[in-house]
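The sequence shown begins at 1 in UniProt numbering and counts up one residue at a time.
Calculated from the structure, these hints are not laboratory results. It should be emphasised that the depicted structure is a prediction, and the values quoted were computed from it without experimental measurement. Please note: incorrect hints may appear among the correct ones.
Computed beta-carbon distance windows for the label pairs [what the hints assert, rightly or not]:
{"#": "1", "residue 1": "Gln289", "residue 2": "Glu177", "range": "37 to 43 Å"}
{"#": "2", "residue 1": "Pro124", "residue 2": "Arg277", "range": "45 to 51 Å"}
{"#": "3", "residue 1": "Tyr285", "residue 2": "Gly88", "range": "56 to 62 Å"}
{"#": "4", "residue 1": "Met446", "residue 2": "Glu321", "range": "25 to 31 Å"}
{"#": "5", "residue 1": "Glu19", "residue 2": "Pro356", "range": "49 to 55 Å"}
{"#": "6", "residue 1": "Arg149", "residue 2": "Glu321", "range": "25 to 31 Å"}
{"#": "7", "residue 1": "Asn443", "residue 2": "Asp202", "range": "53 to 59 Å"}
{"#": "8", "residue 1": "Ile222", "residue 2": "Glu460", "range": "30 to 36 Å"}
{"#": "9", "residue 1": "Gly88", "residue 2": "Gln452", "range": "56 to 62 Å"}
{"#": "10", "residue 1": "Arg277", "residue 2": "Arg149", "range": "27 to 33 Å"}
{"#": "11", "residue 1": "Asp343", "residue 2": "Glu132", "range": "50 to 56 Å"}
{"#": "12", "residue 1": "Arg41", "residue 2": "Gly104", "range": "20 to 26 Å"}
{"#": "13", "residue 1": "Arg149", "residue 2": "Val77", "range": "31 to 37 Å"}
{"#": "14", "residue 1": "Gly314", "residue 2": "Glu81", "range": "35 to 41 Å"}
No residue lacks a Cβ here, since even glycine has one placed at the ideal position from N, Cα and C.
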Amino acid sequence: MSVDVTDDPVQFDDVTGSESDTFPKPRAHGAAVMNHLADVRNPDAGRSDERGTLYDRSLSYWREHVGDRDLEPHVAVDDFEADWLPSGDYALVLTSSRWKAGTGRGDDYRSYYEQHLKLREWGPETDDGERELRKPALALHVEIMPQFRDMVYKSGDSLECPYGEGTRLLAWTTWAEDPFEIERRMYDALRAVYGAGAVDLDDRVDDARRISKAEAHIRFHIDKKNPAVETLEQSKQLIGWGGESEIDAHQRRQKEGWLEALVESDRWHLLGFDPQRYSTEVKIYQANQWHKKPKTDPFHHPKLEASYAGVDRGELPHVSEWDDVLEHLRAVVATHARWAGIDRSDLAADDFFDGPESAPWDFERPTGRRSMLRERYEDLATDIYREALKESTTAVYDILRVIAEHDGANYDTLVERTGLARSTVRYHVRRLAETGVVSREGNPVMVFFVSQVVLERAREILREVRPEDMPEDLDGRADERRERREKQQASDDDQTDANDAESDESTGDATEIGFQYLERLSASIHDLAYLREQERIDDRDVRVRVDELPPPLQ
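Please build the complete structure, drawing on both the sequences and the hints.
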């Protein structure tokens, strides 16, 4: 994503400054670089595969040595050696996949296939004398794609060739400190499979050398995970607060599997970082089965990682901008580590990251975070006061109180403790989430105050606005709500029975609010499912005739 920072209502220099700091240097991790070779040797050739490009050579190799995708992956080089490889026995394997463009139109359309070279490591010999290939810690994946102007997408639209005709290359790798190392690894692999003359650097279009991916990270002790996750959550709140409602289109957070927290945004300048024309993703994550590993194993401990997450408009950064991109990513990592109280002694070393022994690195750390958080929490406190003091209903007060008492609650608990209908609970929780007071996490959904500070402030406010309110008062309001709803439901059922006796189908006024048969609506069952997923309708907005359902669904 990318954005013009002048569009933001809050500029970083309005709320924060910076100061010089030193932190162990975050390690470069995954990265990808794109190349384009203008290597068409026979532009007048009748067939695209006779134009003499590296892509043509790779396709000919596949036809000669593989010939059938069922025989993939094909071991192209079984003893690959390079001075950038760690100790071990390595191979290069070849696979192919259907590409996005081809030739012909309609029924005559035929896709081209891109070629993939992948680095693999030979495992130990098994009892039957076989050795299996596995993914190594240092990864390399090279994609080889055609670029010809007579190619089209399946839709019939022409393929754009922004750098002319030839071969497009994309190399993905790990643990490379600069883009030239990434390119060198790519060229070494291509030459090992297709011959020493496979890549002619004179064919390389310099303007097409672009950065597709870049990452920087630290590994830190698991005891610091909770403050690190809360720090990242605070950054999400501050970006959302500074960017007002626009943040919904530019930031996301998720929690699934071993991913503890993730924020992607192109508005990190609101926290004091230098403005960038690309989006940055920051996440905290751990290895699979980390909890089964001892604390002495580095993979028991989490990573804090920042990555360049692409652009929506304009070109990808050029390889000459690598240092600037990594400088920004490292600054984001180091700054969040500082904010989370992570020191040099809290770092965990592994095979590629030196941990506490990492070289010192100087950077500019944004300041003013404490005052920004204080202002943000004052805004949230005002929202909590407003909701808790509503004279028209005690529903929101009771929801906030249950969340505060339980330090987080799911919808079942909120419905049980407040006596409110589930649709009412979901409605108010959604409003509170939109204002930034609470967050909704996981599946099933748990509702929390957005930070420990906000939780403690909410408890103070709830005691202040209703100092005389006792647990039995909450229980009494819940009972009254349930009784009212049960009476209303009984009345609705009586009315429904009367309507059914009068006619099998509704013949009332078309403007009357009520239920209608699905066949009379423009919506489909899939539309209803989508609206339900988006929380725009609730369980009580849809009725099903249970007497016609199969017994397992009744």
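So, going through the hints one by one against the coordinates:
1. Gln289 / Glu177: 37 to 43 Å: violated, 30 Å
2. Pro124 / Arg277: 45 to 51 Å: Because 47 Å falls inside the window, the suggested range holds.
3. Tyr285 / Gly88: 56 to 62 Å: violated, 26 Å
4. Met446 / Glu321: 25 to 31 Å: Violated, at about 41 Å.
5. Glu19 / Pro356: 49 to 55 Å: violated, 23 Å
6. Arg149 / Glu321: 25 to 31 Å: Since Arg149 and Glu321 have Cβ atoms about 29 Å apart, the given range 25 to 31 Å holds.
7. Asn443 / Asp202: 53 to 59 Å: holds, 55 Å
8. Ile222 / Glu460: 30 to 36 Å: holds, 32 Å
9. Gly88 / Gln452: 56 to 62 Å: violated, 46 Å
10. Arg277 / Arg149: 27 to 33 Å: About 29 Å separates the Cβ atoms of Arg277 and Arg149, which means 27 to 33 Å holds.
11. Asp343 / Glu132: 50 to 56 Å: violated, 41 Å
12. Arg41 / Gly104: 20 to 26 Å: holds, 24 Å
13. Arg149 / Val77: 31 to 37 Å: holds, 33 Å
14. Gly314 / Glu81: 35 to 41 Å: Cβ of Gly314 to Cβ of Glu81: about 40 Å, so the range 35 to 41 Å holds.
The structure shown violates the earlier hints numbered 1, 3, 4, 5, 9, 11.
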